[in-house]
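Trainee: If you follow the hints, you should be able to join the two separate chains into one complex; please do so.
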Amino acid sequence: MINELKDPRKVFGEAVMEAALENQNIVVLSADSSSGSGLGNFPAKFPDRHFEFGIMEQGVIGFACGLATTGKIPVFAAIAPFVTARPYEMFRNDLGYMNQNVKVVGRCAGLTYDQLGSTHHSLDDVAIIRTIPGVTVINPGDPVTIGKAVHAMLNHLGPCYMKIGNPPMPVLYPDDIEFRLGKGIVIQDGHDVALIATGTVLSKAVVAARLLEEAGVSVRLIDMHTIKPLDHDLILSAAREIGKIVTVEEHFLAGGLGSAIAELCSQEYPAKMKMIGIDDLYASNGPYEQLIGKYGLQPDQIKETVIHFLTNK
Amino acid sequence: MGKNEILNLEYTALNLRRNILRLIRAGESGHVGGALSSVEILTALYFNLLKIDPKKPDWPQRDRFVLSAGHKCLVLYAALAERGFFDKSVLDTYGALDSRVPGHPNMHKLPGVETNTGALGHGLSIAGGMSLGLKLDKSDSKVFVVMGDGELAEGSNWEAASAAAMHKLDKLIVFVDRNKLQISGPTVEVMSYEPLEERWRSFGWGVRTIDGHNLETIIDTVNQTPFTKGKPSVIIADTLKSKGLSFAEGKVSYHYWKAKPQELEQAEKDLDVMEKLLKTKMEEIEL
Ligand SMILES: Cc1ncc(C[n+]2csc(CCOP(=O)(O)OP(=O)(O)O)c2C)c(N)n1
Ligand SMILES: [Mg+2]
Chain A
1 MINELKDPRK VFGEAVMEAA LENQNIVVLS ADSSSGSGLG NFPAKFPDRH FEFGIMEQGV
61 IGFACGLATT GKIPVFAAIA PFVTARPYEM FRNDLGYMNQ NVKVVGRCAG LTYDQLGSTH
121 HSLDDVAIIR TIPGVTVINP GDPVTIGKAV HAMLNHLGPC YMKIGNPPMP VLYPDDIEFR
181 LGKGIVIQDG HDVALIATGT VLSKAVVAAR LLEEAGVSVR LIDMHTIKPL DHDLILSAAR
241 EIGKIVTVEE HFLAGGLGSA IAELCSQEYP AKMKMIGIDD LYASNGPYEQ LIGKYGLQPD
301 QIKETVIHFL TNK
Chain B
1 MGKNEILNLE YTALNLRRNI LRLIRAGESG HVGGALSSVE ILTALYFNLL KIDPKKPDWP
61 QRDRFVLSAG HKCLVLYAAL AERGFFDKSV LDTYGALDSR VPGHPNMHKL PGVETNTGAL
121 GHGLSIAGGM SLGLKLDKSD SKVFVVMGDG ELAEGSNWEA ASAAAMHKLD KLIVFVDRNK
181 LQISGPTVEV MSYEPLEERW RSFGWGVRTI DGHNLETIID TVNQTPFTKG KPSVIIADTL
241 KSKGLSFAEG KVSYHYWKAK PQELEQAEKD LDVMEKLLKT KMEEIEL
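Chains A and B are the protein sequences, given in the same order. Counting from 1, one number per residue, gives the positions in the first sequence under my numbering. Counting from 1, one number per residue, gives the positions in the second sequence under my numbering.
Bear in mind the hints are in silico, worked out from the structure with no lab data behind them. Since this is a predicted model, take the numbers as computed values, not measurements. Every residue gets a Cβ at the ideal spot worked out from N, C-alpha and C, and that includes glycine. Any given hint might turn out to be false.
For lysine to aspartate or glutamate, the following DMTMM-like pairs were computed, each having C-alpha atoms within a straight-line distance of at most 20 Å [to be verified]:
(1) K72(A) with D7(A)
(2) K168(B) with E198(B)
(3) K258(B) with E289(A)
(4) K180(B) with E52(A)
(5) K272(A) with E289(A)
(6) K109(B) with E241(A)
(7) K183(A) with E89(A)
(8) K281(B) with E198(B)
(9) K180(B) with D98(B)
(10) K281(B) with E265(B)
(11) K258(B) with D280(A)
(12) K45(A) with E189(B)
(13) K56(B) with E28(B)
(14) K260(B) with E28(B)
(15) K251(B) with D238(B)
(16) K229(B) with D211(B)
(17) K294(A) with D98(B)
Pairwise CB distance ranges, derived in the manner of DEER restraints [claimed, not checked]:
(18) D280(A) with G133(B): 27 to 35 Å
(19) M98(A) with S89(B): 50 to 58 Å
(20) K294(A) with N214(B): 19 to 27 Å
(21) M98(A) with D92(B): 46 to 54 Å
(22) S139(B) with G71(A): 36 to 44 Å
(23) K294(A) with R208(B): 45 to 53 Å
(24) K294(A) with D92(B): 14 to 22 Å
(25) G133(B) with M98(A): 49 to 57 Å
(26) K229(B) with D280(A): 44 to 52 Å
(27) E241(A) with L264(B): 27 to 35 Å
(28) A254(A) with S192(B): 26 to 34 Å
What the simulated footprint calls covered on chain B by chain A, stretch by stretch (three residues with Cβ under 8 Å from a Cβ of chain A suffice, anywhere in the stretch; the number is not a length) [as the list claims (entries may be wrong)]:
(29) 94-105
(30) 110-124
(31) 142-154
(32) 174-186
Okay, chain B solo, but in the shape it has when bound (with noise of 0.2 Å):
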């Protein structure tokens, strides 16, 4: 990838936390914790690999993506709002009743939405279900889903990955957002499912580690899939919970945030910050 495509998606995602504070501006709280750690992966996804178009949000031959932690949900809206699915005014509707951005997906409420997440453990199963009919239709369309680290304890999941590999859906492909934090505290201390790569390398899957605040790394790595032929492939995506907002990063209390007004002041700071700081790269790059 050329220099200046990954600077360019560097401000999509940039654009992508913008539209995420937008939401929590009109809706004034938000799981914004996992958004933001996923902010990479999502902008990879719909700017780059996911074949997909907005106007045609139901074309039987897309690519899907199942966002199987659900109350990630911003990140999604910011990237399907960014990638013209819909208006991005209907961002200014977060809270408000019946809007089409509800605290979790809804598919029959927004286009582009795949499925009715917010229950964790649900999204691995059904996108494996949604890549077996693909197969059974001999498309080529894959199948991407983004769970966290904490969703993980829930035994669905097992079942669905041990299945995934029986059937041998080399199409789909997991993303798992190992920000390291649920709501009670480091993932590790709840319920540890570490080493993740063995486990899912026990269950049948192609699996990488990566860096997943990183654009070039997340498409690469997606570009290899399938990591074997006729498995599954899982990434596991090293992230920081919160990214982008210094006074939250890391912190387990910004699973769900009720923003102060001094805080979306920083954190308007801290993305102008960011900003700067392409301006900069770009003019170096242009040099």
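For reference, chain A alone in the conformation it holds in the complex (with noise of 0.2 Å):
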């Protein structure tokens, strides 16, 4: 299943092409980011709908909103934690109160910046914009959703938060998967775990929920690009059914879809859950493989987390 590979910032950066050709008001916003969000070509292409601000992502916020007031969509992408947690007030208030149908990109996300540190790293970008009342938060977990995520996005009217990762990303799906805001995907299923990813790391879950089948666990496993809004539905029909959850992401635990999912059963229908993710710490450096070992991430550690949350009660 798993095969090619694709760089997620070329394929944001096509699809916003794409999509600019179509729909005049679509403008980009830069903070010394648009080339390596993957919009380098988009100054040329589209001179008049390219704006540089320089290093001022917090200003660029503020200018975003105010574009959107006249009736533009505009974009901006640049190194996740730039565009959430340092203008967090100015998403929070310019965006989000006022509903500006703004469309904020933070790419490298996770820990996809994986040499450059915890200034760099963004493992608490869900949770900080999904309080936002109004806000969209996209996750995409392959290079064909996030494609489809910015045309989805882009035809959503409001404010949407969509977060992609840096190293080439395996395909997992075929051109016409069907894709909805808001609406996983379910690309399995089973009856032993629910086994819910998110973004980056869904491709790891992809390659646990194999291992975990030749084990004889019988996984089904959803893909939550979408975290917010969540997909009630399909979250809670897994707690009715299977009881067992555990929940992939390369966030934080706290305030992540582990976290949201936690919030909806415990109210709803309480099911047994683990949340695999990186707990209340400031994250190392090294090479991005490595780095994800160290927290859990890689799919035979996923695959004896679940093992282990099955058999110990």
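Mentor: Dropping the structure here:
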């Protein structure tokens, strides 16, 4: 199932360019960040619709808000922490509270800026942005769904935050996969455990599910590409039908996908849960695959965690 | 300063460039452009100006150095290693899992590192707080900061600049490494803050502009601070990005260098040429 690798930033940039050809209202804002976001060709192709601001992320959020009030659809992509943690209040007030149609994209998210350390890791973006009422939070897990998420986000009216990684990602889906914001994708059905993954580590969960099947564990594997609004139906049916849920994300345990699912299940239909992610610490630095291995996010580690979860009451 | 003394510092600057290359050889890539443009500034600081003791990195009376543009960390690691804060073998771990020399500096991993920078636009406020605290303690310690010219677009810097002037922090000394480039192109085309001199002056700072690769000038200029009593000082250092690498100097694409083997070889040769020039100079002095 896992085959070709594609650069997520390139896929993202190409999808934005494609959409911009159709929709004249799409404009791109850069904080010295377009070239690194797969949008290096945008200024040449749409010189009037690309605005460079230099390294001033907080102000760019404000400019994006103002542009949106005039009917433009601003896209602002930069390194994830610098469009979320840094301008958080601008995001909350100018995009959230004012409910403006701005698309913020955090790239090189999670631990994918591996060597660059905690200032450049983004393990809290989902946690903080999903507290803002009205903001859609999208975290696609393969190149095909990144492309589809871009179009879905641009067609959606309202503020959006989308995150993408950095290293090339395996293609998991055929081109005609149906993608709808707020609707998770069941990759395979099963009855022993629901494995719910999001974003950059979806491909790790896919391999883990195969390893688990080989070990005789039947896995319902779900791609939760939209974290807000959360797909209540899909999660609650897993809680009801299986009762055991393991979440996988390249994010802090506090406030991420696992948290969001726990918030839902604990009130609607309590299920036994295990959350795989980064616990309360500043992540280290190192080559990406080794780094996520340090935090238990490699397929064999996910498999072990699931087996341990299923066998220990 | 004696000619000999300056020449020795020039040798040290060369060693810093060699250390930077050593880091890149280990990690295969890094923010080399802005590290190399700041080599002379850090050489002057760590080998002449800073009141520090590598054996007592936490000595309360030390001068502080804040690398606000944290991505320039290669030059900081190069200087700290050369000054003896840690063994040079640490440089060979750059890029490895849990390395003590990550892609941005971490004070909890390495002695001599004062701040966890990397997100631009934090250093000046932190340095301002350090300077304020030292002033409260009646200490005569100075606080030095290195910033990038592209970094100046972060509004937080200008909040800090105003506050430092309001609080009369005249032991606070900032270098702006004006290498005229950032990621997307020339700084004046991306987001210009020129004329820098007038901007800083209007924020209440004493201002000088110098050749940021001239060690003697850097030292003389710092020794004249505060330029105006009661005001913080900023030194606009005109520099060349990637200084020392023939194939990379002044090129925007070497902000972050993914080093090819031939380039590493050429870099080595470039530094050998530099060393020869210094040797000739040394012989002339000795004659
Ligand atoms: C808040 C923040 N935004 C963006 C970045 C990404 N970034 C790293 S270096 C850089 C350009 C810096 O240019 P400049 O300050 O001129 O540094 P130099 O030329 O000395 O390398 C950018 C945008 C960052 N590190 N922090
Ligand atoms: Mg610069």
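Trainee: Now look at each hint and say whether the structure bears it out.
Mentor: Tested hints:
no.: 1; hint: K72(A) with D7(A); in the structure: violated, 28 Å
no.: 2; hint: K168(B) with E198(B); in the structure: holds, 19 Å
no.: 3; hint: K258(B) with E289(A); in the structure: holds, 19 Å
no.: 4; hint: K180(B) with E52(A); in the structure: holds, 16 Å
no.: 5; hint: K272(A) with E289(A); in the structure: violated, 29 Å
no.: 6; hint: K109(B) with E241(A); in the structure: violated, 48 Å
no.: 7; hint: K183(A) with E89(A); in the structure: violated, 28 Å
no.: 8; hint: K281(B) with E198(B); in the structure: violated, 38 Å
no.: 9; hint: K180(B) with D98(B); in the structure: violated, 33 Å
no.: 10; hint: K281(B) with E265(B); in the structure: violated, 25 Å
no.: 11; hint: K258(B) with D280(A); in the structure: violated, 33 Å
no.: 12; hint: K45(A) with E189(B); in the structure: holds, 18 Å
no.: 13; hint: K56(B) with E28(B); in the structure: violated, 32 Å
no.: 14; hint: K260(B) with E28(B); in the structure: holds, 8 Å
no.: 15; hint: K251(B) with D238(B); in the structure: holds, 15 Å
no.: 16; hint: K229(B) with D211(B); in the structure: violated, 24 Å
no.: 17; hint: K294(A) with D98(B); in the structure: holds, 10 Å
no.: 18; hint: D280(A) with G133(B): 27 to 35 Å; in the structure: holds, 29 Å
no.: 19; hint: M98(A) with S89(B): 50 to 58 Å; in the structure: holds, 54 Å
no.: 20; hint: K294(A) with N214(B): 19 to 27 Å; in the structure: violated, 45 Å
no.: 21; hint: M98(A) with D92(B): 46 to 54 Å; in the structure: holds, 51 Å
no.: 22; hint: S139(B) with G71(A): 36 to 44 Å; in the structure: violated, 57 Å
no.: 23; hint: K294(A) with R208(B): 45 to 53 Å; in the structure: holds, 47 Å
no.: 24; hint: K294(A) with D92(B): 14 to 22 Å; in the structure: holds, 21 Å
no.: 25; hint: G133(B) with M98(A): 49 to 57 Å; in the structure: violated, 39 Å
no.: 26; hint: K229(B) with D280(A): 44 to 52 Å; in the structure: holds, 48 Å
no.: 27; hint: E241(A) with L264(B): 27 to 35 Å; in the structure: violated, 58 Å
no.: 28; hint: A254(A) with S192(B): 26 to 34 Å; in the structure: violated, 41 Å
no.: 29; hint: 94-105; in the structure: holds (count 8)
no.: 30; hint: 110-124; in the structure: holds (count 6)
no.: 31; hint: 142-154; in the structure: holds (count 4)
no.: 32; hint: 174-186; in the structure: holds (count 3)
Violated hints, listed in ascending order, are 1, 5, 6, 7, 8, 9, 10, 11, 13, 16, 20, 22, 25, 27, 28; each of the other numbered hints is respected by the structure.
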